[in-house]
Amino acid sequence: MNDVPLLISPGSYAAFAYEARTGREVWKTQNGAYSPSMSPVHANGLVFLTTGRGETKALWALRPDGQGDITESHVAWKLEGRLVPEEPSPIVLDGLLYIVSNDGVVTCLEAETGAKVWSERIGGNYMASPIYADGRLYFCSVQGRTTVLKAGHVFEKLAVNELDDGCLASPAVDGKALFLRTKTYLHRIEN
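First residue of the sequence shown? That's 0 in numbering that gives the first Met the number 0, and the numbers climb one at a time after it.
One should not assume that every hint holds.
What the hints assert, rightly or not - List time: in silico SDA-like cross-link candidates among lysine to any residue, alpha-carbon distance up to 25 angstroms: (1) LYS149 / GLY113; (2) LYS115 / ILE90; (3) LYS182 / GLU86; (4) LYS77 / ARG120; (5) LYS182 / GLU155; (6) LYS156 / SER118; (7) LYS182 / GLY113; (8) LYS149 / ASP173; (9) LYS182 / VAL153; (10) LYS182 / ALA168; (11) LYS27 / GLU85.
As the list claims (entries may be wrong) - Each pair of labels, with its calculated beta carbon distance range: (12) THR21 / LYS156: 45 to 51 angstroms; (13) ILE188 / GLY67: 45 to 51 angstroms; (14) THR21 / ASP68: 36 to 42 angstroms; (15) GLU161 / THR21: 44 to 50 angstroms; (16) ARG120 / ASN43: 24 to 30 angstroms; (17) THR183 / VAL159: 16 to 22 angstroms.
Calculated directly from the structure, the hints in this document are not laboratory data.
Every residue gets a Cβ at the ideal spot worked out from N, C-alpha and C, and that includes glycine.
Using the sequences and the hints given, assemble the complete structure.
Written as structure tokens, this is what we have:
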């Protein structure tokens, strides 16, 4: 907001923006969902966040330049229903927003408009957020399957890899190394 850093904080039934330096509330939204756990993402001039769990769960794209209650005035678009993740955070690349639902459906949307580009089931259940590295998106399931997709306007599965136990934590990248934290081990995979 006018070069003032904001802290975006989703909460039950609302999301808030605070001036990062002062803690002053700048704006808020109101919704009927509870217990959001994904991290908000800022890209393409919008803030993307999920409202949480419940019948009214949704992914919102918000214009962050408002003041006061922006529930009606600054929502650029919404996605509602089963495709909305409860835990995994979205990722935005080259104007495309990628999400994975808790029950294993990856959806690619135009970040600016929310228009669906593609949506495909990759199987499994998901709590970990996807990551991007070297032109690839990595989705790690609770069951231990990592599905690797090519980022872009067309769904393209590059690989599926299995580990003995599941991933609850989001993977991380350092240089050419991919780190996967499963229920019992920390794996380092490097080419």
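Hint check results:
1. Restraint check for LYS149 and GLY113: satisfied, since their Cα atoms lie roughly 20 angstroms apart, inside the 25 angstroms limit.
2. In summary, the hint linking LYS115 to ILE90 is supported, as the alpha carbons are separated by about 15 angstroms, within the 25 angstroms threshold.
3. A C-alpha spacing of about 17 angstroms is found between LYS182 and GLU86, which places the hinted pair at or below 25 angstroms, so the restraint holds.
4. At most 25 angstroms may separate the alpha-carbon atoms for a hinted pair to count; LYS77 and ARG120 meet this at roughly 21 angstroms.
5. Proximity of LYS182 to GLU155 is assessed by CA-CA distance (about 28 angstroms); at most 25 angstroms being required, the pair is judged violated.
6. A C-alpha spacing of about 12 angstroms is found between LYS156 and SER118, which places the hinted pair at or below 25 angstroms, so the restraint holds.
7. Taking the CA atoms of LYS182 and GLY113, the gap is near 34 angstroms; set against the 25 angstroms cutoff, the hint is violated.
8. Annotation: proposed proximity of LYS149 to ASP173 holds, straight-line Cα distance about 19 angstroms (limit 25 angstroms).
9. Simply put, LYS182 and VAL153 have alpha-carbon atoms about 32 angstroms apart, too far for the 25 angstroms limit, and the pair is violated.
10. Between the alpha carbons of LYS182 and ALA168 the distance comes to roughly 9 angstroms, so the proposed pair stays at or under 25 angstroms and holds.
11. With a C-alpha separation of about 20 angstroms, the suggested pair LYS27 and GLU85 falls inside the 25 angstroms cut-off, and the hint holds.
12. Between THR21 and LYS156 the CB atoms are about 47 angstroms apart, so this pair conforms to the stated range of 45 to 51 angstroms.
13. Checked against the hint of 45 to 51 angstroms, the pair ILE188 and GLY67 passes, with Cβ atoms roughly 48 angstroms apart.
14. For THR21 and ASP68, the Cβ-Cβ distance of about 20 angstroms falls outside the hinted range of 36 to 42 angstroms, so the restraint is violated.
15. Our hint of 44 to 50 angstroms for GLU161 and THR21 holds, since their Cβ atoms are close to 49 angstroms apart.
16. Checked against the given bound of 24 to 30 angstroms, the beta carbons of ARG120 and ASN43, roughly 26 angstroms apart, stay inside it.
17. Taking the beta carbon of each, THR183 and VAL159 are about 21 angstroms apart, inside 16 to 22 angstroms as hinted.
Checked against the numbered hints listed earlier, the structure breaks hints 5, 7, 9, 14; every other hint is satisfied.
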